Amino acid sequence: MTLVPSREETAAMIADVLAAYPAKTAKFRAKHLVANASEGGKECEVKSNIKSRPGVMTIRGCAYAGSKGVVWGPIKDMVHISHGPVGCGQYSWGTRRNYFHGLLGIDSFVAMQFTTDFAERDIVFGGDKKLAAVLQELKELFPLAQGVSVQSECPIGLIGDDIDAVARASSHELGVPVVPVRCEGFRGVSQSLGHHIANDAIRDWVMGTGDLADRTPYDVALIGDYNIGGDAWASRRILEDMGLRVVAQWSGDGTLNELSSSHHAKLNLIHCYRSMNYICTTMQERYGIPWLEYNFFGPTKIIESMRAIAAQFDDVIQVKTEEAIARYEKSFEATRTRYRPRLAGKRVMLLVGGLRPRHTVGAYEDLDMEIIGTGYEFAHRDDYERTHAKLKDGVVLYDDPTAWELEEFARRLRPDLMGAGVKEKYVFHKMGLPFRQMHSWDYSGPYHGVEGFAVFARDMDIAVNNPTWDLFAAPWESPMTSPRQAPAPPVSAS
Amino acid sequence: MTREQPPPPVLDHNDLFTGDVYLEQADRKRVFESACSSDERDRVAEWTRGWEYREKNFARESLVVNPAKACQPLGAVLAALGFAGTLPLVHGSQGCAAYFRSHFARHFKEPVPAVSSSMTEDAAVFGGLNNLVEGLLNAHSLYRPEMIAISTTCMAEVIGDDLANFVGIARQKGAVPEDFPVPYAHTPSFVGSHLVGYDAMLKAILAYLGQTRGTTGTPNGKVNVVPGFLPSTGDLRELHRLLGLLGVEATILGDHSDVLDSPATGDYDMYPGGTPLDAAADAANALGTVFLQPDSTRKTAELARQSWAGQEVTTGLPVGIRATDRFVAAVARIAGAEVPAVVTADRGRLLDAMSDSYQYLHGKRVAVAGDPDLVVSLLEFALELGMEPVHVLSTNGGDGFAATAETVLAGSEFGRSATVWPGKDLWHLRSLVFTEPVDLLIGSSHLKWISREARVPLVRVGFPIFDRHHLHRLPTIGYAGSIEVLSRLVNTVLDELDRNAPEHSFDLVR
Chain A
4 MTLVPSREET AAMIADVLAA YPAKTAKFRA KHLVANASEG GKECEVKSNI
54 KSRPGVMTIR GCAYAGSKGV VWGPIKDMVH ISHGPVGCGQ YSWGTRRNYF
104 HGLLGIDSFV AMQFTTDFAE RDIVFGGDKK LAAVLQELKE LFPLAQGVSV
154 QSECPIGLIG DDIDAVARAS SHELGVPVVP VRCEGFRGVS QSLGHHIAND
204 AIRDWVMGTG DLADRTPYDV ALIGDYNIGG DAWASRRILE DMGLRVVAQW
254 SGDGTLNELS SSHHAKLNLI HCYRSMNYIC TTMQERYGIP WLEYNFFGPT
304 KIIESMRAIA AQFDDVIQVK TEEAIARYEK SFEATRTRYR PRLAGKRVML
354 LVGGLRPRHT VGAYEDLDME IIGTGYEFAH RDDYERTHAK LKDGVVLYDD
404 PTAWELEEFA RRLRPDLMGA GVKEKYVFHK MGLPFRQMHS WDYSGPYHGV
454 EGFAVFARDM DIAVNNPTWD LFAAPWESPM TSPRQAPAPP VSAS
Chain B
98 MTREQPPPPV LDHNDLFTGD VYLEQADRKR VFESACSSDE RDRVAEWTRG
148 WEYREKNFAR ESLVVNPAKA CQPLGAVLAA LGFAGTLPLV HGSQGCAAYF
198 RSHFARHFKE PVPAVSSSMT EDAAVFGGLN NLVEGLLNAH SLYRPEMIAI
248 STTCMAEVIG DDLANFVGIA RQKGAVPEDF PVPYAHTPSF VGSHLVGYDA
298 MLKAILAYLG QTRGTTGTPN GKVNVVPGFL PSTGDLRELH RLLGLLGVEA
348 TILGDHSDVL DSPATGDYDM YPGGTPLDAA ADAANALGTV FLQPDSTRKT
398 AELARQSWAG QEVTTGLPVG IRATDRFVAA VARIAGAEVP AVVTADRGRL
448 LDAMSDSYQY LHGKRVAVAG DPDLVVSLLE FALELGMEPV HVLSTNGGDG
498 FAATAETVLA GSEFGRSATV WPGKDLWHLR SLVFTEPVDL LIGSSHLKWI
548 SREARVPLVR VGFPIFDRHH LHRLPTIGYA GSIEVLSRLV NTVLDELDRN
598 APEHSFDLVR
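First to last, the sequence lines map onto chains A and B.
The opening residue of the first sequence carries number 4 in my numbering; numbering runs sequentially from there.
The opening residue of the second sequence carries number 98 in my numbering; numbering runs sequentially from there.
Errors might be hidden in some of the hints.
[As the list claims (entries may be wrong)] Simulated restraints, written as ranges between beta carbons of each label pair:
# : chain 1 : residue 1 : chain 2 : residue 2 : range
1 : B       : Ser602    : A       : Trp472    : 42 to 48 Å
2 : A       : Pro470    : B       : Gln456    : 50 to 56 Å
3 : A       : Ala15     : B       : Ile266    : 36 to 42 Å
What the hints contain is simulated information worked out from the structure, not anything from laboratory work.
Just so you know, these numbers come straight off a predicted model, no measurement behind them.
All C-beta atoms in this analysis are idealised placements derived from N, C-alpha and C, irrespective of residue type, glycine included.
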């Protein structure tokens, strides 16, 4: 008995959903939607990292969101200026839940909105002078800020401002690093190019500028963890339990000093490959630092990853790692015992960003839940290459799906749980489908690490098994005539 | 009989990281942070709370920190959502549409449909014509709206895309049928705020529908009510109720109450309400039009003044007794109706509630921040209750706001302690609250950091409210809605009183 439709059934569903599009758009979109074949290959290749079609309601954001919102924003002891009109900084203010230790507005600035608040005259005459003045005022009012990043909004690249020159001059004058980032929202096709631009800015302006006094053979950097709801802290705990010394966090609860001295690490450990593979590659090329992808969602992947990491080190680490695993098993088993009976066999659809559409699969499977559809907002080909084998045949894969596609797939498949973002959430509530936000952890977390698995399992249980979902049918409405009656899920026996 | 032992609670971020294991982890991490000493940090923190810092803070001319305003196209999207079957299309970079949708979704806890023309580098060079044409075609085919309302992002504005021309070409190319309504507004985010964008889109929609759906010129006997940027479905529902009590046939122009407060039915309906397009088209033939918020309907009011029949009145947002009296009187006058006893009874209930609660509010010092029209209305109500406004701040309020607020303050002896701060942000407000303390803050969720740091309770009214549920469903205008505002105010004071009460003063009855 499988809960996943066959490849043929999924292909038919895709064709049916595409029928609503104008011909040209249907042709474009068809390349982004496939029935998975777990062996991968040409047949289930997913077109990705190309432009979204206009007017279809893509869920994607922009390069600014990828740079300011994802990579730079969490670095706590720097001020990140949203350079341009007021909106971009306003909408990305304090919503990503990058936790940090510090005093907001004094030595930490994560949940704040700093902007040059462009007026018409700044567009007409250029914003460089204003930027220089803003940097001066920042230095006076926020003396403990260790540096500043300038996050360019759309107009900057269109009006010919030279923020690099302003950054150099101001940095020299004020005595703090000022990093210009050319992450205008119109660049590229999604957040993804913003991640890359942000990595490049760190490479060009920060990397290699700091020092690490006493180095050890066990120094590692924790990369691509944004500490959403404390994820990075839960991950750091595992690495420290293994006997490793974490010398830098990129970039959740991170500091300028950690970023600038990170090149002294012995090994880079990367969680979100999509947003930070660039800096890992650079550090490998320049400093010969190897890097390793890992996955700290759920027991299976955590243990697998711990052993793979330990294998890079000597016996000391390997022994400690096995001891840690033995300790964790108790907690894992308690969580599984408690939640499996409540979640086993539940069918899940996902639509998330960087790594989660594949990285969380194992955690769901640890609870005996089944992924029946998954997709990425801004993946590249290498993400899908890492995805096919993790999923069963026939799972529907969707790249940059439109609101229409996601809703129609959900109408047809009726999953027991949908995991996506805040823009999607309330649509599925109307449909009566349990939903978890899988970007912000729906204001919960951590989901990474040992404690994170328990929180993850608890939250999925809360969503799936809340009694609210049983109340949708009004007693005076016939289930036979009610338009809301969903089609039966296409379950096939095997 | 024994009950089943409950399993131990799962610890999440609220409890997990305050334990020793994680506190020690944070200490180990600090070694790599090169942070200043905690003494130095505390010294700077104390300095930022004093008068010297306040003066430095108010001397800044360029830097903006924690502003309480958003950009034009956000407002345009809300205006568009106020009309039946309308899909907002945001012309420019696609990230903007994603931000507007998530921003409103966090506030309303509702789906917020809007599409983008998804312009990228090539459009920056060649213009966004192709994007708009394809965007209209796709949106119209896929989402089957009755109307598509276009606004612009700053990208499209900087490169100078000409919407009039583009929409004409899109029709020629058959992207949308010849008679399909496509109103559009230029909404540069580097001018004004979300209020200006709301106004621009609203005016564009009303002008467009008026022109294209041919007004008959026959008076329709109705009263138009233009709420302006009103991020509360409860307020719109209360307007409907009050107008119903008045027995007045009214059209609310820009009514997103059903759109952003739709029932969970088991399926998703993208277009669950809004002002019917024909009713909007017929607005010109009404007896008159009442505007509630001048700052978000300035251009629309001009349109009404210049080309609509009937008189045009701006009453301000009806919060409290006098402001609601003005609104009720204006509607009754335009409709030629007498105010029925049920409305007077409604008024009496608010008055009764005020007389029950004033003793806890009299003399309470408050700071109010938010959109200008909202701040003015809250100010007026606070003064009616004998509260003393101290800091009155609106980031997107200009000289007009300041003058209105000053006039309102001058009308009451309780207004003497107040200073009005147009154009200032919430980092300014932080300085104000630390140097001249208050008993209560009134404003959006963004004030919560000041509330925590300065230990002043926050009464949430305005936009955005991200961290409390359902407040946008509760009316805060009209006589009945004002009771909700009053209730938030007095109960916040009472909660605070209980929290801080010595044992002997912990009274059961308040």
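Outcome of the hint check:
1. For Ser602(B) paired with Trp472(A), a C-beta distance near 46 Å keeps the hint of 42 to 48 Å intact.
2. Between Pro470(A) and Gln456(B) the C-beta distance comes to about 43 Å, which lies outside the given range of 50 to 56 Å.
3. Take Ala15(A) and Ile266(B): their Cβ atoms lie about 38 Å apart, and the range 36 to 42 Å holds.
In the structure shown, a violation is registered for the earlier hint numbered 2 alone.
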